[in-house]
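Given the sequences, and given the hints that come with them, work out the whole structure.
If you read the sequences in order, they're chains A and B.
Counting from 1, one number per residue, gives the positions in the first sequence under the working numbering.
Counting from 1, one number per residue, gives the positions in the second sequence under the working numbering.
Simulated from the structure, these hints should not be mistaken for laboratory data.
Possibly wrong hints are sitting among the right ones.
The list makes no distinction among identical chains, and a pair is therefore deemed to hold if it is satisfied within one copy or across any two copies.
Straight line, CA to CA, 20 Å or less: simulated SDA-like cross-link-like pairs of lysine to any residue [what the hints assert, rightly or not]:
{"hint": "1", "residue 1": "K12", "residue 2": "S73"}
{"hint": "2", "residue 1": "K66", "residue 2": "T21"}
{"hint": "3", "residue 1": "K7", "residue 2": "G140"}
{"hint": "4", "residue 1": "K144", "residue 2": "T188"}
{"hint": "5", "residue 1": "K66", "residue 2": "A54"}
{"hint": "6", "residue 1": "K295", "residue 2": "P64"}
Remember, predicted model here, so these are calculated numbers, not experimental data.
Number of protein chains: 2
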Amino acid sequence: MINEMFKDMTGKGSVIREFFTYANKKAAEIGAENIFNFSIGNPSVPVPQEFTDAMVDLLQNSDPVKLHGYSPSLGFDSTRKAVADSLNKRFGMNYTADEIFMTSAAAGAIAHALRCVVKDGDEVITFAPYFPEYVPYVEGTGAKLTIVPADIDTFQINFAELEKALNPNVQAILINSPNNPSGIVYSTETIEKLAKLLYAKQEEFGHDIYLITDEPYREIVFDGTDSPFISSFYDNSICCYSFSKSLSLPGERIGYMAVNPACKDAKLIVLMAGQISRFTGHNCPPSLVQLAIEKVLDMTSDLSIYNKNKDILYKELTRIGYHVVEPGGTFYMFPRSLTPDANEFCWKAAKELNLIIVPGDSFNCPGHFRISYCVPTEQVEKAIPLFEKLYNMYK
Amino acid sequence: MINEMFKDMTGKGSVIREFFTYANKKAAEIGAENIFNFSIGNPSVPVPQEFTDAMVDLLQNSDPVKLHGYSPSLGFDSTRKAVADSLNKRFGMNYTADEIFMTSAAAGAIAHALRCVVKDGDEVITFAPYFPEYVPYVEGTGAKLTIVPADIDTFQINFAELEKALNPNVQAILINSPNNPSGIVYSTETIEKLAKLLYAKQEEFGHDIYLITDEPYREIVFDGTDSPFISSFYDNSICCYSFSKSLSLPGERIGYMAVNPACKDAKLIVLMAGQISRFTGHNCPPSLVQLAIEKVLDMTSDLSIYNKNKDILYKELTRIGYHVVEPGGTFYMFPRSLTPDANEFCWKAAKELNLIIVPGDSFNCPGHFRISYCVPTEQVEKAIPLFEKLYNMYK
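Structure, rendered in structure tokens:
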């Protein structure tokens, strides 16, 4: 008999996807140039040529039997060491290859990290607004996901609410900074305060509390933003990284889990991740892409367009009258909607103005909407009058 | 607190890997040419040049933003359609793209297929000898894996034992043909008998029983072997395929799940697989490799060496006096060990003769050993005197 739980889920579409599908349908009718699609977080700048060259070189100049052979289940030693070295050099850490586990991007990293440190019946805390896929990631382990409400004035951590939520059943905290959808980067002050609180609660509860950091936007931080390397503030930290956004490779499914060497079980946790893979049928990332990524670890795509788009949007939207907390990174912005029902607001924008933005409800933060500005700057500029029209419809 | 179940597993190494590690260590000491390593199932022939050319062409001549963008969660429509068309043409089926789900090789396909049709507390039946990873694949769903003992005279299905094992709690049967480790291909007679029995049991138990077929060796079938396309015999069948062996791409993690269109829930099961991925953090295979595989679906590597190696080994081992059931495919052979303790037998071969073979106990079939002959024919020829020496140590 088919599994009813997964069957029931097939009926429930993602709201973001509904807007995306609407945009595509409308584009087919009236032309893509007349649709201002800000719904999806797909990078809009190419991967560095060095990555393409590395891939082609491997394909043309390696023994294909070796090149396409199995990778060890934790990833290639050389790739793991290169990742550790790069993190150490950039962030003053002291990872070794044994603390790195290569994954199919951040989704794979988070799914493994959670299974390492939580089990059926445990509790995981995250903070609104958050990436909707955190729900299945956590539910897949049998643990319960507890949401700490957003501090909508800063989108930093709401510590009063976090303190209320913390209890002995909590085994892990899952954070995302720079944040999708708010674009906010947790400050050094926020991270220090979080670390101090978690150290105290570990003591009080008599067990470890792991900090799982979802960091696909780590490299997309705007000029002047305070952007600490989170793991350097807390021993029991597991950094989940993806090259999807920094190298514009979302389809190639490559990332890693890096367990803080200061965590006493760091090497064990990586070995456990290798075992967990066997249960989910999820082996490590493809051999070829692991070897190619090794060559471009310290590079990024030209990410400056996201900063430029942010500057224009933030300046113009605040001028018009929108309430926006200025993003410190990512390619998202999360203004307040002009009516409490953000869903209605976004459909109005879509249907009356061909302006595709998505409601904050999907991120458990109603009354807001997300703009994904990983688009050509020209599209941003042309959309400003539409945001102004939208504003005037409500004010 | 770390998850004790996965922690405990990190201490338990795979026996096959122990032999493989021993072989590598010894090779470093005395030279690889003096070690006759038949322990691992890594293809030994290159991928067709057409695959490499397709990869390079995509990398050099596509818009990198599009090329490396997200694939839909079920896989690219074009790839899914091409897989369906290829199966239809070759096996007289009528799959559509909607019945195909692209996966990270057979491991990903089986893990998804199982989660679609079984849940916590259900029962899945498989047949000894079997791939040891079936245990975590099934346990990961919460179901129980029941083993039907081998028919060691033929390695076809032991129907008397299967009938005893079937009960209303059984929701799925997991088979592997051509089989690792026996090399046996289930005959048309076997598959017809299995289908008939399962149809009768569905009727008797009043619920569907799914037949999950693990087919990474489907294209490695030797001259004259009867090799039916299993799904054409049973409606509720889910074919789990990998390109790892047929195209010598084990490290690239690419395969699919094809649900028989005759299964009433076929399209729904594929949609469910898309939902299941969200829980395991296991998105679909990389974009690039999906697009490249599309171009070489009807090709294989030159697999003739496996047939040649089988012919030599089967002829010589039977001449020496070993009891071997002749393989119909794969690159494995599964002779009886000359002492009931195959583990002792294989360590003797390794330590006294530098001949690396692995015990059948790992496949739940004691008293046998597996030879992986995906090696140069010269290695097979040079190893024959060693197999003869080993025989003489016991007779």
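Here is how each hint holds up against the structure:
| no. | hint | in the structure |
| --- | --- | --- |
| 1 | K12 / S73 | between (34 Å within a copy, 15 Å between copies) |
| 2 | K66 / T21 | between (42 Å within a copy, 18 Å between copies) |
| 3 | K7 / G140 | both (15 Å within a copy, 18 Å between copies) |
| 4 | K144 / T188 | neither (28 Å within a copy, 48 Å between copies) |
| 5 | K66 / A54 | both (16 Å within a copy, 19 Å between copies) |
| 6 | K295 / P64 | both (19 Å within a copy, 18 Å between copies) |
Hint check: a violation occurs at hint 4 only; the rest are consistent with the structure.
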